[in-house]
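Visitor: Residue numbers (my numbering), protein chains in the order written: chain A, 1 to 344; chain B, 345 to 688.
One thing to keep in mind: the hints can contain errors.
What the hints assert, rightly or not - Subject to a maximum C-alpha distance of 30 Å in a straight line, what follows is the list of computed DSBU-like cross-link-like pairs (lysine-lysine):
1. Lys248(A) / Lys405(B)
2. Lys592(B) / Lys61(A)
3. Lys248(A) / Lys363(B)
4. Lys592(B) / Lys19(A)
Stated by the list, open to error - Derived CB-CB ranges, DEER-like:
5. Pro335(A) / Phe625(B): 44 to 50 Å
6. Leu595(B) / Lys33(A): 37 to 43 Å
7. Asp598(B) / Ile297(A): 16 to 22 Å
8. Ile297(A) / Pro624(B): 20 to 26 Å
9. Asn34(A) / Asn482(B): 54 to 60 Å
10. Leu251(A) / Asp663(B): 34 to 40 Å
11. Leu107(A) / Val518(B): 23 to 29 Å
12. Lys61(A) / Thr360(B): 57 to 63 Å
13. Arg408(B) / Thr221(A): 49 to 55 Å
14. Pro383(B) / Thr157(A): 29 to 35 Å
15. Gly302(A) / Lys592(B): 15 to 21 Å
16. Met350(B) / Thr16(A): 53 to 59 Å
17. Thr88(A) / Met591(B): 46 to 52 Å
18. Met247(A) / Thr360(B): 18 to 24 Å
Worth flagging that the hints you see were computed from the coordinates, not collected in a lab. Even for Gly, the Cβ is constructed at its ideal location relative to N, Cα and C.
Number of protein chains: 2
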Amino acid sequence: MAVQTMVIDCHGHYTTAPKELLAYREAQIEGLKNASHIPSKGKLNISDDQIRESLENAQLKFQRERGTDVTIFSPRAAGMAHHIGDATTSLHWSQHCNDLIHRVCSLYPGNFVGVCQLPQSPGVPPANSIGELERCVNELDFIGCNLNPDPSGGHWTAPPLTDRYWYPFYEKMVELDVPAMVHVSSSCNPNFHATGAHYLNADTTAFMQFLTADLFKDFPTIRFVIPHGGGAVPFHWGRYRGLAQDMKRPLLPDLIRNNIFFDTCVYHLPGIELLLKVVPFDNILFGSEMVGAVRGIDPETGHYYDDTKRYIDALPLSDEQRRQLFEGNARKVYPRIAARLAAN
Amino acid sequence: MAVQTMVIDCHGHYTTAPKELLAYREAQIEGLKNASHIPSKGKLNISDDQIRESLENAQLKFQRERGTDVTIFSPRAAGMAHHIGDATTSLHWSQHCNDLIHRVCSLYPGNFVGVCQLPQSPGVPPANSIGELERCVNELDFIGCNLNPDPSGGHWTAPPLTDRYWYPFYEKMVELDVPAMVHVSSSCNPNFHATGAHYLNADTTAFMQFLTADLFKDFPTIRFVIPHGGGAVPFHWGRYRGLAQDMKRPLLPDLIRNNIFFDTCVYHLPGIELLLKVVPFDNILFGSEMVGAVRGIDPETGHYYDDTKRYIDALPLSDEQRRQLFEGNARKVYPRIAARLAAN
Chain A
1 MAVQTMVIDC HGHYTTAPKE LLAYREAQIE GLKNASHIPS KGKLNISDDQ IRESLENAQL
61 KFQRERGTDV TIFSPRAAGM AHHIGDATTS LHWSQHCNDL IHRVCSLYPG NFVGVCQLPQ
121 SPGVPPANSI GELERCVNEL DFIGCNLNPD PSGGHWTAPP LTDRYWYPFY EKMVELDVPA
181 MVHVSSSCNP NFHATGAHYL NADTTAFMQF LTADLFKDFP TIRFVIPHGG GAVPFHWGRY
241 RGLAQDMKRP LLPDLIRNNI FFDTCVYHLP GIELLLKVVP FDNILFGSEM VGAVRGIDPE
301 TGHYYDDTKR YIDALPLSDE QRRQLFEGNA RKVYPRIAAR LAAN
Chain B
345 MAVQTMVIDC HGHYTTAPKE LLAYREAQIE GLKNASHIPS KGKLNISDDQ IRESLENAQL
405 KFQRERGTDV TIFSPRAAGM AHHIGDATTS LHWSQHCNDL IHRVCSLYPG NFVGVCQLPQ
465 SPGVPPANSI GELERCVNEL DFIGCNLNPD PSGGHWTAPP LTDRYWYPFY EKMVELDVPA
525 MVHVSSSCNP NFHATGAHYL NADTTAFMQF LTADLFKDFP TIRFVIPHGG GAVPFHWGRY
585 RGLAQDMKRP LLPDLIRNNI FFDTCVYHLP GIELLLKVVP FDNILFGSEM VGAVRGIDPE
645 TGHYYDDTKR YIDALPLSDE QRRQLFEGNA RKVYPRIAAR LAAN
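Okay, chain A solo, but in the shape it has when bound (with noise of 0.2 Å):
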């Protein structure tokens, strides 16, 4: 690897914040309980300490053990669980959870920029969330968000990405120049385990919502990053574009080359083999979700799985690949990285 190629992580999340997080958590659904009950925003007593301690043996750690020097770092996925409530449920635990994270990164600014959770609700229209949009990227310094295209967390109620339905909030997202993670969160449908299933289906949904529809005409410059290596796209490229052709879409490459892209969330080397095979490099970001999903060290390399470095290191790329990968493609999808890294 070149020295002077920054590692840019684009997908971690504060899966390890403090026990009191998730104590303010169940005291608000607890709270849903009572119909009389008027939810407040109530308070979270958190140390900086408490911060530190709860990333010092984690994410910095790893950090520094794998050789990462920045991650877009953003709530815990599973944990916003937008089907719990309603939009004041969501408003609430949204702030909250966005303001650790911007307490994070003031802590840390070497190491971590914000990306917000949204106050998303099903039935709740997008512009909804386009407030704490705002607040956290003008006041946060936070340079992307985690939108979810099932509040509903596993039933699918709301309209497809590409429904006009969302184009509100896209309006705001192209204004600010901050891209969207496609992102669900935990599922109550019985049949959908969170991190086996229902993550990767929802990347597959998205593309292929994507895929059937004009959004890019309407949004040339709208951004989405689609993580954990895309779902299932990358396995079946040939399938999207046999199908993209007998539809008379775009090839892949002109569909995606602007707006679409995938991180390298995909936890052992014949994936991202695939992966870098198959994807445009323009359109592949270096992510590893850590500490995420996954937690455990693989017995077949003695490392663990979510090292997504280790298998793109062993991969025989050229410096300007690497410097796409690990830096170039995470500053051209969030520009505003720029600024978080210039003002450290």
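Assemble chain B onto chain A, guided by the hints.
Guide: Positioned in the frame of chain A, the structure of chain B alone reads:
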């Protein structure tokens, strides 16, 4: 390829059926709109010549051109549409579709062996499909069935495949010694494109359901084919190995050994390479899904996307591996095929 290997394609649907079949279905659906309409099974008028014509320039031509000997053949998957009407609607429709497959297999006993559609319906227990399974296996010489894990067509309202809800049907599968291909149908949820999202999501979902439960302790000999190369699973094999490990579940090769099989319906060489690299050879069946989801010719190769045999032929496999993939594994998963092939 060793000349004595028979090439069995485990995944073909009668997508080219004479238009009278569709006309029957349209009339059936039209009848549902009239509350006073008394459903009757009705007649399907299709001649043997029409059946021959529907196959000669499609499945049979491709078998000859591609060197496939026999196709395990079932009604069009998207056509099952279990979400339409009720159990009676599905029963009449399934019986006609299955009878038509039986006629195909009788006209071309060397080319096709039957697998049945089931009369599933949302909210109706799977036990209700036992009668049609028995009829197809015992009277029509079928060797398996397509089981829809989501009869609601994209709303996922049924219990997971590992729930006891499905057990009475599984008992009959085991008794008859026939496997099920886990195969959804069309989607009435606008989020899910059928062949580009719903099918692959169902494959991924089913695998994760199997991974998280002890179904195969209760049914040690039951066999499921997960089509479309297993959805997202092989691409994320590391993720699944890691999830199984974190959850203290069996190693994947042990989990799937006698019970879960993937087909090769993956429409590009890098995908097939990955599949054969990570999934044990014992658990892969040759399949093409032709004439199916993708009809076109890949401009990058000059060959049909769904000519999956070409991808396999391009790989340096041993004769023994080819025999397993093209014939041996299918004979193991569908033991009743032996009598059909011998009868021919």
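Visitor: If a hint holds in the structure, say so; if it does not, say that too.
Guide: Here is how each hint holds up against the structure:
no. : hint                              : result
1   : Lys248(A) / Lys405(B)             : 26 Å, holds
2   : Lys592(B) / Lys61(A)              : 26 Å, holds
3   : Lys248(A) / Lys363(B)             : 25 Å, holds
4   : Lys592(B) / Lys19(A)              : 25 Å, holds
5   : Pro335(A) / Phe625(B): 44 to 50 Å : 47 Å, holds
6   : Leu595(B) / Lys33(A): 37 to 43 Å  : 42 Å, holds
7   : Asp598(B) / Ile297(A): 16 to 22 Å : 19 Å, holds
8   : Ile297(A) / Pro624(B): 20 to 26 Å : 22 Å, holds
9   : Asn34(A) / Asn482(B): 54 to 60 Å  : 58 Å, holds
10  : Leu251(A) / Asp663(B): 34 to 40 Å : 38 Å, holds
11  : Leu107(A) / Val518(B): 23 to 29 Å : 58 Å, violated
12  : Lys61(A) / Thr360(B): 57 to 63 Å  : 59 Å, holds
13  : Arg408(B) / Thr221(A): 49 to 55 Å : 50 Å, holds
14  : Pro383(B) / Thr157(A): 29 to 35 Å : 30 Å, holds
15  : Gly302(A) / Lys592(B): 15 to 21 Å : 20 Å, holds
16  : Met350(B) / Thr16(A): 53 to 59 Å  : 55 Å, holds
17  : Thr88(A) / Met591(B): 46 to 52 Å  : 35 Å, violated
18  : Met247(A) / Thr360(B): 18 to 24 Å : 19 Å, holds
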